[in-house]
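Enquirer: Chains as they are written, first to last, in this note's numbering: chain A, 1 to 305; chain B, 1 to 399.
Quick caveat, the hints were computed from the structure, so don't treat them as lab data. It is possible that part of the hints are untrue.
What the hints assert, rightly or not - A few chain A residues that don't get close to chain B, going by computed Cβ distances all over 10 Å: (1) Glu20; (2) Leu109; (3) Phe141; (4) Leu186; (5) Asp240; (6) Arg247; (7) His258.
Said to hold, decoys possible - According to the in silico footprint, chain B covers these stretches of chain A (three or more CB under 8 Å from chain B): (8) 78-87; (9) 131-138; (10) 159-165; (11) 215-227.
As the list claims (entries may be wrong) - A few chain A residues facing chain B, derived, Cβ under 8 Å: (12) Gly6; (13) Glu39; (14) Gly58.
Where a beta carbon is used, it is the ideal one built from N, C-alpha and C, also for glycine.
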Amino acid sequence: MSDGAGLRERLHRAGYIADEALATTLWLADELQRPLLIEGDAGVGKTALAIAHASALGRRLVRLQCHEGLDLAQAAYEWNYGRQLLAIRLHETSTERVAEADLFARDYLLERPLLTALSSEQPCVLLIDEVDRADEAFEAFLLEVLADWQITVPELGTIQARHVPAVLLTSNGTRELSDALRRRCLYHWLDYPTLAREIAIVRATLPHAENALVEQAVAFVQRLRQEDLGKTPGVAETLDWVRALHRLGHAALPDDPHALTHTLACLLKTREDRFQLGPDRVRQLLEGRNRQASAGVAVKAASPA
Amino acid sequence: MPDAMSDALAPLRPAEPLQAIAGFAALLREHGLKVGVAEQQAFVRAALALPVQRCAQVGAAWRAIACHDARSWRQWPELFDRYWMPHRSSGRVRVSGQTRPARDIRQMVQELQQSLADSGASPPGRQALDTALQSAPEAEGAAESDAAPRAQGGASRTEALHDRSLSQWLPQDLRLLDQLAERIARRLRVRLTRRWHDHPRGARLDVRRTLRASLKTGGIPITPAWRRPRRERPQVFILVDVSRSMETHAQLFLRIARAFVQAVDARVFVFHTRLAEVTPLLQRDSANVQEKINAVTAGFGGGTRIATSLADFHGVHARAQLKRSAQVWLLSDGFDADEPQRLAEELGAVRRRGARIIWFHPADQRPASQAVQAALPLVQRFVRLNSLRDLAQAADHLQ
């Protein structure tokens, strides 16, 4: 079993630049066979981490996307009613009778992600994405799976995991997760990457973009994150934006804010944010100035006092 | 200094790393982190599993084990440094008496692994280690102290903060406010929706969903779908008066409103001569909320038009949501520039939609203006709100 450094190296090769603490945590999760809960703002690369982790370990990725109203039938298993009915009809024509046990066999069981991950022949990586969107009942069910690595199908009995999968849960904080689930998991808070790491990420993903463009654009986005935005741009947005600028033939970030206005759609995803970042503000950000006496708002706040 | 430290570490007995870890766990618990026996065991396992040359990473590994949410995640670096590297944080104030002078994590991990090798226990020897850990004095009480979280901060201190006016608020006041809002949110009565009132128990067949579900079983409804009684929290509307007469109080009111936006999804409006919704501005925690609200209300003229604003509120903004279960919280001193009888008319219109009206006023006495006198029977309750203490008292009446 290799340690965190080796894992970090392999994650890097899979296209994910992880810092040492994250690599250690991933390694530890594997070592202790505990699920890892990753929280962080949207777009910091939570899901990408799971995908890279799977490819770094050379394992298959099984993904369960959670949503409101997610139930067992969609998450764990479901009986294939169509096939069962068909089997009954077919047996009606022949003379032999169909036993009930025949109908509730593994052949008629549709595997959904959780069961797929547990019954997989090879060890795999299970990604439970946005677990905070699922409701509390599902979370409680998840506890059994994550604690004992087994799923109970009443008609069949308990299905035990062949290999304990590496489980990653991601959460955006839509709902507060229960303490029980939190304590079952290791925890990692994924923050926005530092300047150097983000440059490395963009370079790794877009090797053809010019260095000057990458550095300036990432610095711009880092400054943009300090702004009071409704939706702070994540790493994915940075990548989109640099890709767009590169396609448009920019070798460096243009000085004219008007040239940027059209491409800012890659970074700013709400109308208020677009409104807030007018050409003047963009120019200030380009020049690297901080937010001081920027708009009329601050002036107005000063006057009543 | 480092020499003195290694001197102090020299006579370490094999059991000491475990005690050091137990002491660290106690410090974490003291600061509200949920670290029980299981976590402590995981600490030891992680420290044993890490190769010695990478033992600097043990902090990262332990962080993943001990932290369960973003708050504790942010607390971690300070706690970790305080315990393991007291020389680094020597300039800061030490609150806890836990800190002992000499501790070095690298050495501790080495000691731990060494002790394991010495005792001749092969990797399965972990079990012996676990029992040793459990018998460590501080680990004993772990489960109990977990169940009953200790009070944090002396009672006398928070007491004094209660009365603080807003300009002197500290972060812990804000936390207190959030807790209060949560408490009130829980108290708000969850009511059955109207269609369930006659027969509130049991489930009813949901024909539409049953038919839909039967499609995959060839039209045979094998798994019927049921409707369950639905209970809803009241929708809370908060109307904050930001006129000149309320200037000193509006900030407190907006803070409180912000807490309720997060706790109960309240919708917040500000008004003086006109009404504007500010809920989206309050959904994010940002230092310049006040600036933004100033910007929104900048065009408003002088005077307060409560009745006009209320008419706009129930006629336009909250038209569809003002129903029997809704609550309208009016935060105002009651000085109205509209004709006195109009306030009663507009409040009456809100009341006729079934919503309940609670009036929060900053002064000790309830508003005495003519307009408010006429509207008295329409307001369910008048509550004084000038500090967090008032809100705490009001929490017992709101439902």
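Enquirer: Now tell me if each hint is right for this structure.
Expert: Here is what the structure says about each hint:
1. The claim that Glu20(A) is not at the interface with chain B is violated, since a C-beta of that chain comes within 10 Å of its own (minimum 6 Å).
2. Its beta-carbon lying about 15 Å from the closest one in chain B, Leu109(A) satisfies the requirement of being farther than 10 Å from that chain.
3. The claim that Phe141(A) lies off the interface holds: its Cβ sits roughly 18 Å from the closest Cβ of chain B, which is beyond the 10 Å cut-off.
4. The beta carbon of Leu186(A) sits about 4 Å from the closest Cβ of chain B, which is not more than 10 Å, so the claim that it is off the interface is violated.
5. Taking the minimum C-beta to C-beta distance to chain B, about 23 Å, the non-interface status of Asp240(A) holds against the 10 Å cut.
6. For Arg247(A), the shortest C-beta to C-beta distance to chain B comes to about 33 Å, beyond the 10 Å cut-off, and the non-interface label holds.
7. Annotated as non-interface, His258(A) keeps its C-beta farther than 10 Å from every C-beta of chain B; the closest such distance is 25 Å.
8. Proximity of the stretch 78-87 of chain A to chain B, defined as three or more residues with a beta carbon under 8 Å from a beta carbon of that chain, is established by the 3 residues found.
9. Counting residues of the stretch 131-138 of chain A whose C-beta lies closer than 8 Å to any C-beta of chain B gives 0; at least three are required, and the coverage claim is violated.
10. Counting residues of the stretch 159-165 of chain A whose C-beta sits closer than 8 Å to any C-beta of chain B gives 0, which falls short of three, so the coverage hint is violated.
11. Given a C-beta distance limit of less than 8 Å, the hint that chain B covers the stretch 215-227 of chain A is violated, as 0 residues qualify and 3 are needed.
12. Given hint, Gly6(A) at the interface with chain B, is violated; its Cβ is 10 Å from that chain's nearest Cβ, farther than 8 Å.
13. Below 8 Å, beta-carbon pairs count as interface contacts, and Glu39(A) has one with chain B at about 6 Å; its hint therefore holds.
14. A least Cβ separation of about 22 Å between Gly58(A) and chain B goes past the 8 Å threshold, and the interface hint is therefore violated.
Checked against the numbered hints given earlier, this structure breaks hints 1, 4, 9, 10, 11, 12 and 14; the rest are met.
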